[in-house]
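Enquirer: So the protein lines, in turn, are chains D and C.
Residue numbers for the first sequence follow the numbering used here, beginning at 54 and rising by one.
Residue numbers for the second sequence follow the numbering used here, beginning at -19 and rising by one.
Honestly, I wouldn't trust all of these hints.
Derived coverage of chain D by chain C (criterion: at least 3 residues anywhere in the stretch with Cβ under 8 Å from a Cβ of chain C; other residues may be distant) [said to hold, decoys possible]: (1) 58 to 71; (2) 87 to 99.
Over the 12 Å line for every Cβ pair with chain D, so calculated as not near, a few chain C residues [said to hold, decoys possible]: (3) Met(-18); (4) Asn63; (5) Gln108; (6) Thr207; (7) Gln377; (8) Val382.
Taking lysine to any residue and the SDA-like style, the derived pairs with C-alpha atoms no more than 25 Å apart in a straight line are [as the list claims (entries may be wrong)]: (9) Lys193(C) x Asp89(D); (10) Lys65(D) x Phe65(C); (11) Lys236(C) x Asp167(C); (12) Lys389(C) x Asp112(D); (13) Lys194(C) x Asn309(C).
Calculated directly from the structure, the hints in this document are not laboratory data.
Don't be surprised by glycine CBs; every beta carbon is placed ideally from N, CA and C.
Residues per chain, in single letters:
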Amino acid sequence: MNTVEILKQYIKEELMNGAGGDLDVNENLLASGIIDSLGVLRLVSFVEERFNIEVPDEDVTLDNFQSIQAITDYLTQLQSA
Amino acid sequence: MMKTDVVIVGGGPGGAATAVFLAKHGIQSIIIEKEQFPRFHIGESMTGECGNMVRAMGLEEEMLKRNHPVKYGVLVYGQGGNNTFWVPVMKRDEQGNLQDSFTWQVRRSDFDKMVLDHAIAQGATLIQGQATKVLRAEDGAVCGVQVRLADGSVEEIHAEVVVDASGAATFLSNAGVASKKERGKYDRQVAVYSHVKGAIRDEQDNTLIFYEKKNHWGWFIPIDAETVSIGVVAPSDYYRAYEGDMRSYFLQQMHKINPELSKRVPDVELVEEVRATSNYSYHVKQFTGKGFLCVGDSHRFIDPIFSFGLHFALTEARLAAQAIAGYMNGENRDAENPFADYQAYSELGMDVIEDLVDCFWENPLSFAFFVHTRYVDDFIDLFAGRVYQDPPSPGLQAIRKVNAKARAKKTAVSAQAYA
Ligand SMILES: Cc1cc2nc3c(=O)[nH]c(=O)nc-3n(C[C@H](O)[C@H](O)[C@H](O)COP(=O)(O)OP(=O)(O)OC[C@H]3O[C@@H](n4cnc5c(N)ncnc54)[C@H](O)[C@@H]3O)c2cc1C
């Protein structure tokens, strides 16, 4: 599975309780009410565990975690740094 | 003319506590207070360390006897009542481990009078009147104050040290002794508040904070068995745009800002007038010098969101008493500023809280992640008011990194706008 699919699966199964059809990668997860900010926090922890990274303190921002695309971009940037 | 060791302007918690701690060092003081106590004051929820200052003054038993609602923590509700976080009041034991603890929420008219009476019982003299002028010695050092007494007569009080504890009146700054008052970051805010009876309370009487959106929030603070203090804070522009009087604004906001607040106040009776405070955020940067120092609100107030006003008034009272005791024992007698260390230390603590508040408003997601997940214990320490740690805890460093990044981004954005 690629990053996008891993994230989609986690969000659907763990944060949306299996609800929700297709998730658009650009959909703003918080603003659209798909998950709440506690959900985003779980997402941060999940990303850390699943991809075996530590998100630096200053990177836990909405910009980096607001959509599946944003997270994917952030991970690419982190891994190439 | 009267003479004493230390004259304290203001008999609120900062001034009265300074007198209590000075008495422990065997130092005499005169407190000047213009209001007749008990008098109304806002600022009713304490941090854990603030509770410990109350204990250090020897007042725990009295507090429990008076039935001030015990506070075990603060519960913050996010927008729409979601995303709550809870920070318990915990203390550090001798081994440095966190232990359950509690602090209080108080009716200030009662609490402030209790502390002032305690100061008098410890030997301080209370003079009812208003400090109007600063007296200076030939070398320019501050050496006392002039007071207008209740009967209109004027009295001079000479002292080795003048302590300004005049609160938002910022006596020494206005007198041109301490530096000018600068606007604080949270200056364009209005708080509107009252006391209510009939509110629905939780099983435990904790301090509740309700987030509506950036710089728009409310509080719910139980202050006795029947009464709860409720306040709503919003940007000044938002408040000005409301058409109607303050009371109807207050009632409207109480039901509007957060469902977790409105469900607790379905049918309440207002038992205090509705009051407002605006422009409460300011900073006096130079607040010590030859013959004087400031404590509490008389030099800086940041923002009420996490209840740090009483905390700083009382912790600084203790620090100030220590600094004055050293001075009376011959320390720093010839220094340009005998209280420079006290000033630096006080600023350090207030800076930490400003960082905490900045992070909460500017980057709520990072804040939530740190408080919930990554730096739980460090945030318990910060909320308790353990703000003088050196070196800074990882949690505080994280806050500072996030704030620095937000500032850099803002600067970049405005640079772009002007390019
Ligand atoms: C909206 C709002 C909400 C707040 N909520 C909280 C909270 O939940 N928890 C908390 O801890 N803090 C809170 N605060 C802050 C708190 O009210 C203050 O920080 C605290 O009262 C400071 O104590 P102090 O002794 O420095 O000053 P004060 O309590 O203001 O005492 C100053 C005293 O000096 C007297 N005085 C002034 N000038 C003179 C003069 N020239 N001569 C003689 N007497 C004089 C005054 O009459 C007064 O009694 C809040 C503040 C605001 C604005």
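Enquirer: Does each hint fit the structure? Answer for all of them.
Expert: For each hint, the structure was consulted:
A count of 0 residues in the region 58 to 71 of chain D with a Cβ less than 8 Å from any Cβ of chain C is obtained; the coverage claim is therefore unmet, three being the minimum. Counting residues of the region 87 to 99 of chain D whose CB falls under 8 Å from any CB of chain C gives 7; the rule of at least 3 is met. No beta-carbon of chain D comes within 12 Å of the beta-carbon of Met(-18)(C); the shortest separation is about 55 Å. The Cβ of Asn63(C) sits about 5 Å from the closest Cβ of chain D, inside the 12 Å cut-off, so the non-interface label is violated.
Listed as a non-interface residue, Gln108(C) keeps its Cβ farther than 12 Å from every Cβ of chain D; the least gap is roughly 51 Å. Even its closest Cβ contact with chain D, about 33 Å, leaves Thr207(C) beyond 12 Å, as expected for a residue assigned away from the interface. Distance check on Gln377(C): its Cβ comes as close as 8 Å (rounded) to a Cβ of chain D, failing to clear the 12 Å threshold; non-interface status is violated. For Val382(C), the shortest C-beta to C-beta distance to chain D comes to about 5 Å, within the 12 Å cut-off, and the non-interface label is violated.
In summary, the hint linking Lys193(C) to Asp89(D) is supported, as the alpha carbons are separated by about 15 Å, within the 25 Å threshold. As the CA atoms of Lys65(D) and Phe65(C) are separated by approximately 24 Å, the hinted pair is consistent with the 25 Å bound. For the hint linking Lys236(C) to Asp167(C), the alpha-carbon distance of about 23 Å falls within 25 Å, and the restraint holds. Distance hint between Lys389(C) and Asp112(D) is fulfilled; the C-alpha atoms sit about 13 Å from each other, no more than 25 Å.
Proposed proximity of Lys194(C) and Asn309(C) is contradicted: the alpha carbons are some 49 Å apart, above 25 Å.
Checked against the numbered hints above, the structure violates hints 1, 4, 7, 8 and 13; every other hint is satisfied.
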